[in-house]
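Novice: Model the full structure from these sequences, guided by the hints.
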Amino acid sequence: MINMLKDKIKKIVSAVVLGALLTIGVGSIKSMATTDNTQQQNL
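Residues 12 to 54 (the working numbering) make up the sequence shown, in order.
Computed beta-carbon distance windows for the label pairs:
(1) T45 x N14: 45 to 53 Å
(2) G36 x L16: 25 to 33 Å
(3) K17 x T46: 36 to 44 Å
(4) I40 x I20: 27 to 35 Å
(5) M12 x S42: 39 to 47 Å
(6) A26 x T46: 24 to 32 Å
(7) I13 x M43: 41 to 49 Å
(8) M12 x M43: 45 to 53 Å
(9) V24 x T45: 26 to 34 Å
(10) N14 x M43: 40 to 48 Å
(11) G38 x I13: 34 to 42 Å
(12) N14 x T34: 27 to 35 Å
(13) T46 x M15: 40 to 48 Å
(14) K21 x S42: 28 to 36 Å
Calculated from the structure, these hints are not laboratory results.
Just so it is clear, CB atoms sit at the ideal spot from N, CA and C, and this is done for glycine as well.
Specialist: Next comes the structure, spelled out in structure tokens:
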């Protein structure tokens, strides 16, 4: 029972971490693409 719970928790945690990394990566790429133009205008 405990081992199964540990495996489930590991899978859930890894899925959450992967999702967070994906969202952060996509968000940073989008922000970089959008802030690139605004930064040049501010300078």
